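Participant: Those protein sequence lines, which keep their order, are chains A and B.
Under the working numbering, the first residue of the first sequence is numbered 1, with each subsequent residue one higher.
Under the working numbering, the first residue of the second sequence is numbered 1, with each subsequent residue one higher.
Hints were generated in silico from the structure; no laboratory data involved.
On a predicted model such as this, the values are computed, not experimentally measured, just so you know.
Glycine is no exception: its CB is placed at the ideal position from the N, C-alpha and C atoms.
If we take Cβ atoms under 10 Å as the criterion, some of the chain A residues that face chain B in the derived model are: (1) Val18; (2) His21; (3) Lys22; (4) Lys23; (5) Pro49; (6) Asp50; (7) Ala51; (8) Ser52; (9) Ala53; (10) Pro58; (11) Lys61; (12) Glu87; (13) Leu89; (14) Gly90.
Taking CB as the label site, the calculated pair distances span: (15) B:Ile55 to A:Thr99: 48 to 56 Å; (16) B:Pro110 to A:Thr99: 53 to 61 Å; (17) B:Ile54 to A:Ser57: 36 to 44 Å; (18) B:Gly66 to A:Phe16: 18 to 26 Å; (19) A:Asn85 to B:Leu198: 53 to 61 Å; (20) A:Glu80 to B:Gly119: 45 to 53 Å.
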Amino acid sequence: MPTARVTANTTAQTLFTVSKHKKGKLTALNVDNQAGSNATIRLQDIFTPDASAKVASPTEKTIDRVQLTVAAGSSVSLSEDSLKNAELLGTVKAIANITDTACVIVAVYALD
Amino acid sequence: MIVQLSPVLAKVATYTRPEDLLLTKGAWVRFSEAWPDTHRWAKGKVFEVQQEPIIVPYATSYILPGDDYKDIDLSNATEGLKLYPENQAVLYETLVGFKPGEYLCHIYVPKDKYVYALGEASMYPDVADAARKYLGAKTHLDSPHTAPLLKLYFIKDMPAFILRLYVLEDVDYEKVAVTFQINKTQLREIENPTLEQLTKALLLRYYTELTGF
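Okay, chain A solo, but in the shape it has when bound (with noise of 0.2 Å):
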């Protein structure tokens, strides 16, 4: 299965894009935080809507799919069966409330 890692940012990085005709699933993140505060991180997954009958001109949509914080200097891994209800559909990134190269997260993932 394919994997995304970045680092904890402010800004959010992109892990993964899910193509077109499929819908993405995390199937493990994993997030080590060896920097020196607590990390709370999101995934989003932000996409444009296409057209329907009740909104013609749809706008960019960011959803968070994902929020966890862990300790300074401890790791969380989240297991399939805890992230299988977050359907993604569009471009999926990670944004935190720090920024440090020393807290990295890993996304396991499939498309379906």
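Put chain B on the given structure of chain A with help from the hints.
Facilitator: Quick look at chain B alone, frame taken from chain A:
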């Protein structure tokens, strides 16, 4: 014009030949007398398929909000997906499959003429109605994209098939993905069909014959 095989075919192991599911060389098709004179080349006639299947896969997808819908025109109209043939004596047999998701599909031909209504006057599909949004609606279980069971038949300039893709309420956004396997067939008219050819040919009805009962 429209055929849906039993979903059980997607779930059980069966001995199935390709020609049982797709039109192949030597297969017979018959157009009913209800086709209008604008399709005179086909109206009431029997044809034989000229070649083995030439299958063209295609797909389309849309991200739509919950409790909202989008109409997809499959014809060659300007805003359509352009899945129809451009020549007479050509029939496109199209398998339509749906990827899993929280959505329904209503089928119209032409626009605003629903196929799957019942006889009582109020029993027509309506995505704005809490109950009737499910009336006649197809889901990915009816025609999974891995084993599509819904077939549509297209000829040049026939009325447009419309797929109304409706995302269920209580969903923020859904990606609706529809797959097509288009079996391109060339037809040769059988000028004096035998009784066997008349009775065994796949009957393609005009849309006016699909409703009203």
